[in-house]
Every structure is written in C-alpha cells, then in structure tokens.
Amino acid sequence: MINNLILDQCESASTVKCLGCLLKEPPFDWNGDTHPQIPMEKLVVYRLNVGQYTNNKSSGLATNVLGTFAGVSKKLQHFITLGVNAVLLEPIFFFDEKKGPYFPYNFFSLMNTYKDIDENKSAAYSMKEMVKAFHAHGIEVLLEVAFTSTCEGTGPESQAKSFRGIDESSYYISDRMLDSETCGALKCNDPIVQQMIMDSLHYWVVEFHVDGFCFIDSSSLLQGPNREPLSRPPLVEAIAFDPLLSKTKIISDCWSPPDLTNNDVVFPHWNRWAEMNRKFCQDVRNFLRGEGLLSDLATRLCGSGDIFKAPRCPAYSFNYVTKNVGLTLVDLVSFSENSTEHASELSWNCGEEGPTDKYSVLEIRLRQVRNFCLSYSFHWVFLFLLWGMNAATLLVVYHPMARGCQLIGEIIVLDMAYK
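Using UniProt numbering, you'd call the opening residue of the sequence shown number 1 and step up by one each time.
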C-alpha cells in the first residue's frame with residue numbers, strides 16, 4: 001500500500017500538496033473577542049462558500065482578496081444590512097480541488113487558497129481575523145464539517161494521501177462492495193477515529209473561536225465500523241455531552257456527498273442536536289406548486305411538532321427551501337421535474353420551461369419567489385438563507401459538486417431582491 005504513495009505522476013501533484021511541515025503560527029490577539037451566543041430561536045443564518053462567495057468581479061473587491069476569508073470579511077456590512085446574525089461556511093478543510101470541499105485530506109488544516117495572496121498572512125491567521133470581526137458585530141461563525149468521507153479512495157488502485165498511509169484498517173470501513181477509487185468512508189464510531197474527530201472539533205473552537213458545526217452526512221455518524229446501525233452511537237453522544245462544546249451549536253444534515261442523496265433517519269439528539277428540516281423544504285415546495293397540502297404546510301409553519309417534540313422546540317429545526325445542492329431559488333420556479341436531471345426537486349416552471357422573456361410567466365415566477373421568501377417569515381420558522389437568494393440567479397449547471405470548485409455560468413434573469 002505504501003508503494004502507492006507517489007508512483008503515479010498524474011496523481012503525484014495532488015498528493016504532494018497535502019504533505020508538508022507544520023509552520024509555527026504567530027500568536028493572534030483575541031483580546032476582547034467573545035462568542036455572541038445567540039439563542040437558537042433568534043438565529044438568521046447565511047450559508048456561503050468562501051472560495052466562491054466573492055470570487056467574481058461583481059463583488060467589487062480587489063483581485064487579491066477574491067475568494068478568500070479577507071474577501072468575506074469585507075462583506076461584513078452586507079450581512080449586517082441583511083439582518084444576518086450567523087454565517088455557515090461550507091467545508092473549509094484542505095480538500096481535493098477536483099472532488100470538491102466535501103472530500104478533505106484531513107480535519108485540522110485550512111484550504112490554503114482561502115488566504116489573501118498579497119498579504120504575508122496564512123489562511124489560519126486570515127480566518128481568525130474574519131471570526132473576530134464578525135463577533136465584534138454580533139455575528140456567529142458556524143462551520144460545515146464532513147467527517148464521514150475523505151478524498152482518499154479505498155479501492156486497490158487508490159493512492160495513500162492521508163489516513164490510508166497511517167493505518168487504513170483503523171480509519172476506513174473495509175468492504176469490497178463499498179471500495180471506491182474516489183473517496184473513503186471513515187469509521188466514525190471507532191475509538192481512534194472518534195477521538196480524532198473530537199480533537200478536531202476542540203481545535204476549531206479553541207484556536208479559531210467558531211460557534212458551532214453542521215455535520216454533513218450525519219446519518220453515517222449513526223453507523224458502526226461495519227456500517228451496522230447503532231442505537232446509541234458513541235460519537236453523536238460524545239458531541240452532545242462534551243463540556244467544551246456545550247455552548248456551541250451542533251446541527252445534523254443527512255445529505256450524503258458521495259451519492260448525492262438525503263438519508264432520512266430518526267436522529268438521536270439528546271436534546272442538543274438541531275437538524276436540517278428536509279420535510280419543511282418538501283412540504284413548502286409541494287404546496288406552492290399546487291398540490292394543495294394545506295395541513296402539511298401548517299405543520300411546517302407551526303414548527304414541525306411531529307419531528308421536534310418536547311423538550312426540544314421549533315428553534316432546533318433548520319428550515320430551508322433551497323440548499324447548495326440541487327436547484328437554486330429561481331431554478332425552482334423555472335423548471336419542472338419532468339426530466340431525470342430535475343427529478344424529485346418538486347419544482348414548477350410557472351408555465352414555460354427554462355429561461356423566458358414572457359412577462360406573464362416572469363410575473364408568476366416573481367410571485368412564487370416571494371411566496372417562498374414569505375414561508376421564512378412566520379414566527380416559528382428558523383431563517384436559513386443560501387448565498388445568492390437575495391438576488392435571483394439562474395444556475396445553468398446542475399451538478400452540486402461543481403459549485404465548490406469552480407465558478408459556473410450565472411445568468412441574472414430578474415431583479416428579485418427581497419421586497
């Protein structure tokens with residue numbers, strides 16, 4: 001296995017990039033920094049990708065800060081204007097650029113392309129400056145984390161780039177039916193891997209003062225080393241009761257990056273875990289496309305009491321109508337689910353498929369966009385915004401992994417800023 005480390009010249013570049021030495025970071029002055037500790041029921045979260053959020057001339061920023069932590073910091077006033085009090089960053093761990101941010105090399109280093117290219121500062125230092133600036137204005141910083149899979153494949157032709165070179169059998173699920181050349185599935189509830197994940201969470205809270213985590217593919221956190229379901233998964237329980245994490249927000253998101261699916265499960269929450277509420281998304285979309293399911297909509301707008309029972313409250317429900325996977329808000333009212341590409345999106349094109357210049361169709365689409373936005377405004381509904389929702393855009397490429405790695409053709413179709 002070790003012989004596979006850097007034999008293939010086609011892959012050696014990405015392998016070498018993840019190797020290196022530990023540099024001594026200069027001390028950072030956290031003096032005066034405090035966690036905002038915003039109550040769950042008052043959160044207004046804005047989700048964004050650091051590499052893409054400002055990586056466009058429309059951001060109005062200098063070239064050296066496009067797609068960086070410094071670039072996000074310079075948009076602080078924009079978040080304040082929107083009324084946002086928390087930002088959720090898509091995965092920022094050092095990842096394979098070909099596979100995307102949900103397939104990291106490890107869980108302790110930042111993506112080095114997120115640093116200001118002209119400043120003599122590391123990505124870590126830049127992120128700390130960003131966090132401190134956001135905290136100073138009462139805005140929390142949450143991280144999406146993908147602990148269930150890495151960029152290392154587990155197939156016979158895969159290279160050792162990280163944990164596979166240390167001890168493959170200890171870190172990865174070994175199953176010939178599941179061997180993959182593209183990613184490796186971690187044994188999250190193995191004692192060794194569990195401790196590593198806990199150490200990573202502690203590291204980001206202590207060293208970077210982050211305020212919480214959203215766990216991608218969280219349904220896999222409920223499985224044992226052989227993918228058997230666990231009634232009391234030790235990692236999930238450890239996170240819920242960890243003293244150092246007691247003031248942080250912990251969120252479950254069952255979307256799986258390897259197979260691009262949502263794995264709906266009953267998640268053991270120990271009255272600590274919040275959850276991405278996929279039922280809210282489905283029921284709001286169904287109602288607004290004319291299915292007439294009024295009782296289902298009422299259940300969602302009143303807090304999804306069928307899912308979030310006492311002692312948890314509706315504030316533990318992270319409600320959304322669009323995510324970084326699938327159709328954008330304007331795509332949702334521009335396409336119908338009559339093709340394989342848009343299957344299961346529960347979308348409606350308002351009378352004509354795709355882009356159009358017909359005023360009557362555009363008027364209906366604008367009304368539908370406002371209806372979706374209105375679904376966020378009820379008292380019991382947690383507000384969760386995806387970057388780009390505040391200006392209507394049509395994303396012409398559907399593949400969700402591409403959004404984390406490269407800028408995709410973006411066409412402004414309507415001026416639909418919130419009104």
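Quick caveat, the hints were computed from the structure, so don't treat them as lab data.
Worth double-checking, as some hints may not be accurate.
Label-pair ranges, simulated between beta-carbon atoms [said to hold, decoys possible]:
(1) Cys302 / Ser174: 41 to 47 Å
(2) Val206 / Ala310: 32 to 38 Å
(3) Tyr203 / Ser174: 26 to 32 Å
(4) Tyr203 / Ser377: 36 to 42 Å
(5) Arg227 / Gly32: 43 to 49 Å
(6) Glu25 / Ser169: 29 to 35 Å
(7) Asn64 / Gly305: 46 to 52 Å
(8) Ser377 / Asn226: 24 to 30 Å
(9) Asn226 / Val361: 50 to 56 Å
(10) Asn64 / Arg227: 43 to 49 Å
(11) Asn271 / Phe108: 37 to 43 Å
(12) Val265 / Ala298: 22 to 28 Å
(13) Glu363 / Thr34: 44 to 50 Å
(14) Asn106 / Pro39: 46 to 52 Å
Bear in mind that the values here come from a model prediction, so they are computed numbers and not experimental data.
We treat Cβ as the ideally placed atom computed from N, Cα and C, and that holds for glycine.
Tested hints:
no. : hint                        : in the structure
1   : Cys302 / Ser174: 41 to 47 Å : holds (46 Å)
2   : Val206 / Ala310: 32 to 38 Å : holds (33 Å)
3   : Tyr203 / Ser174: 26 to 32 Å : holds (28 Å)
4   : Tyr203 / Ser377: 36 to 42 Å : holds (38 Å)
5   : Arg227 / Gly32: 43 to 49 Å  : holds (47 Å)
6   : Glu25 / Ser169: 29 to 35 Å  : holds (33 Å)
7   : Asn64 / Gly305: 46 to 52 Å  : holds (50 Å)
8   : Ser377 / Asn226: 24 to 30 Å : violated (46 Å)
9   : Asn226 / Val361: 50 to 56 Å : holds (52 Å)
10  : Asn64 / Arg227: 43 to 49 Å  : holds (45 Å)
11  : Asn271 / Phe108: 37 to 43 Å : violated (29 Å)
12  : Val265 / Ala298: 22 to 28 Å : holds (25 Å)
13  : Glu363 / Thr34: 44 to 50 Å  : holds (47 Å)
14  : Asn106 / Pro39: 46 to 52 Å  : violated (33 Å)
Going down the numbered hints, you'll see the structure goes against 8, 11, 14, while the others check out.
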